[in-house]
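Taken in sequence, the protein lines are chains A and B.
Heads up, the first sequence is in this note's numbering, so the first residue is 47 and it goes up one at a time.
Heads up, the second sequence is in this note's numbering, so the first residue is 20 and it goes up one at a time.
Simulated from the structure, these hints should not be mistaken for lab results.
These numbers were taken from a predicted model, which means no experiment stands behind them.
Be aware that a few hints might be false.
As the list claims (entries may be wrong) - In silico contact screen, one side only, chain B against chain A (beta carbon under 10 Å); selected entries:
1. Phe-52
2. Gln-56
3. Leu-64
4. Asp-75
5. Asp-76
6. Val-108
7. Ala-112
8. Tyr-124
Every residue, glycine too, gets a C-beta built ideally from N, C-alpha and C.
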Amino acid sequence: GNSVTQMEGPVTLSEEAFLTINCTYTATGYPSLFWYVQYPGEGLQLLLKATKADDKGSNKGFEATYRKETTSFHLEKGSVQVSDSAVYFCALSDRDGGSQGNLIFGKGTKLSVKP
Amino acid sequence: DARVTQTPRHKVTEMGQEVTMRCQPILGHNTVFWYRQTMMQGLELLAYFRNRAPLDDSGMPKDRFSAEMPDATLATLKIQPSEPRDSAVYFCASGLRQAYAETQYFGPGTRLLVL
Numbered sequence: 047g048n049s050v051t052q053m054e055g056p057v058t059l060s061e062e063a064f065l066t067i068n069c070t071y072t073a074t075g076y077p078s079l080f081w082y083v084q085y086p087g088e089g090l091q092l093l094l095k096a097t098k099a100d101d102k103g104s105n106k107g108f109e110a111t112y113r114k115e116t117t118s119f120h121l122e123k124g125s126v127q128v129s130d131s132a133v134y135f136c137a138l139s140d141r142d143g144g145s146q147g148n149l150i151f152g153k154g155t156k157l158s159v160k161p
Numbered sequence: 020d021a022r023v024t025q026t027p028r029h030k031v032t033e034m035g036q037e038v039t040m041r042c043q044p045i046l047g048h049n050t051v052f053w054y055r056q057t058m059m060q061g062l063e064l065l066a067y068f069r070n071r072a073p074l075d076d077s078g079m080p081k082d083r084f085s086a087e088m089p090d091a092t093l094a095t096l097k098i099q100p101s102e103p104r105d106s107a108v109y110f111c112a113s114g115l116r117q118a119y120a121e122t123q124y125f126g127p128g129t130r131l132l133v134l
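Put together the whole structure using the sequences plus the hints.
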């Protein structure tokens with residue numbers, strides 16, 4: 047079946063540090079991949095997405111590249127800010143793989159950025 | 020700026036009481052999802068609708084939970100009777116079914132506490 051595995055947190059970084067949050071997936075079809083972010087007390091917001099292999103999604107300084115050969119979609123940011131402190135969710139949508147296009151979420155990775 | 024709205028934002032109730040949560044999806048979206056988020060289980064899909072028809076509610080405890088979509092602008096999730104283990108944040112999300120990916124837009128959630 048389809049699944050998403052992301053690195054467990056929490057991740058604690060100093061401001062301006064480099065961020066990587068690993069995400070790997072298992073899918074029987076050709077999924078689209080997403081990163082969502084959840085700030086404290088709020089719902090999830092779409093951060094970026096990629097719909098096919100080698101696509102790079104980017105937004106607010108965050109990037110992730112769809113790597114079919116390694117079934118990965120790692121999230122990166124070159125210089126984090128305190129305001130990036132949140133929980134990050136990796137997700138896939140696999141229309142052809144039995145999940146009917148619904149999102150399959152990872153468990154989330156909590157990021158804390160210290161001044 | 021179109022958003023998913025949810026009411027109430029917070030609800031405290033006693034065990035055995037009925038709880039009704041409401042969601043207004045983004046105008047024009049044809050899919051509505053209900054999720055539950057807890058520390059232990061993470062994000063769980065409870066049910067979803069497409070074009071107001073229920074497609075899957077396998078994630079819901081059938082004996083006490085019910086989800087409906089009386090019209091295109093309103094989705095409801097009811098719990099009767101409520102139990103302490105139902106305490107969680109309940110999110111509604113809406114989306115527009117497209118060819119390759121369905122981006123979901125989340126509401127701010129209803130934080131439910133059952134005493």
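Hint by hint, which ones does the structure fall short of?
Structure breaks hint 5 only.
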